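Model the placement of chain B on the given structure of chain A, informed by the hints.
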Amino acid sequence: MLIITRKPGEKIMLGDDVVIHVMEIVGNSVRVGIQAPRSLPVYREEIWDAVREENRAAAAAMPAALPAAARRAA
Amino acid sequence: MSTLTFESTRFGTVEIDEEAVIEFPAGLIGLGGARYAVIAADPDAPFAWLHSVEEPDVALPVTDPWRHFGDYAVELSDADTARIGASEADDPAVWVTVRAASELSGFSCNLRAPIVIWNGCGHQVINEAPDAPVRAPLFPDAVAVPTA
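If you read the sequences in order, they're chains A and B. According to my numbering, the first sequence is numbered sequentially starting from 6. According to my numbering, the second sequence is numbered sequentially starting from 3.
It should be emphasised that the hints constitute simulated quantities derived from the structure, not laboratory data. Given the structure is predicted, the values throughout are model-derived calculations rather than measurements. From the three backbone atoms N, C-alpha and C, an ideal C-beta is built for every residue, glycine too. Do not rely on the hints blindly, as some may be mistaken.
Said to hold, decoys possible - Some chain B residues flagged as far from chain A (calculated, every beta-carbon gap over 10 Å):
hint	residue
1	7
2	9
3	19
4	23
5	56
6	90
7	92
8	93
9	121
As the list claims (entries may be wrong) - Looking from chain A toward chain B, a few residues come up when the C-beta cut is under 10 Å (computed):
hint	residue
10	13
11	56
12	61
Same shape as in the complex, but just chain A (with noise of 0.2 Å):
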C-alpha cells in the first residue's frame, strides 16, 4: 500500500482522471472530496465489503436452496 501524508487543501492524483482532495481535519474525521470519471463508482469502503459479502453469498445459492412460493408481506 502506498501511505502519503497530506495536508488539508492538499490533493492526490490517481492516474489522469481521479483526485483526491484533503479538504479538511474536523475533530477526528477528515473530509475528503473525490473527482473521478462520472463512471467510476465510490464507497465507503464498509459499505462496499457488506455488499461483497452479499453478493458472494447470494451467488453461492443453488436452485434448490429458494422456496417456490413465498408469502407476501401483510
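Only chain B this time, still in chain A's reference frame:
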C-alpha cells in the same frame, strides 16, 4: 429476433433473446462481470436469477423488492443518479439480491444495494434511504428451528 446461447452450471444450456443481455459497466460489487441476463425459470415464482452470460457458474438469485416490502424506497446520490442515466420516470427495473439459507427464517435480501436495470444497462447502486439493510429478512413470520 436473434437469440444468444450461454452455458450455466445450474441450468445447462440457456437460450435468451439477445436484447435481454444487460451490460454492467461496473459489474457487480466485488463480483465484477460485464454481461448478465435475468432469467426466470418460473415467471410466477418470487425469485429470478441474475446470470452471467460469460461465466457459467456465476448466478445470483434476485427478487422484486416491492413484492416483499410495500414501502421500499430507493434514494440515490447525485453521482449514482448520473451514473445510471435514468430517472424514476424512465421506470427502470429494480432487483435485489437474495441470500438463501437452510431455513426460511435465514433468507434475506439486500435492500441497501439494489440492482437498477434500464436501457440494456445494469448498475448496482447504494440506496441511501433509511431502513434499507443489507440483510432484510424475507420471511419474518418463519420461526428459526431451535438448535439442541
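Mind listing which of the numbered hints don't hold for this structure, in increasing order? Of the numbered hints, just 10 does not hold.
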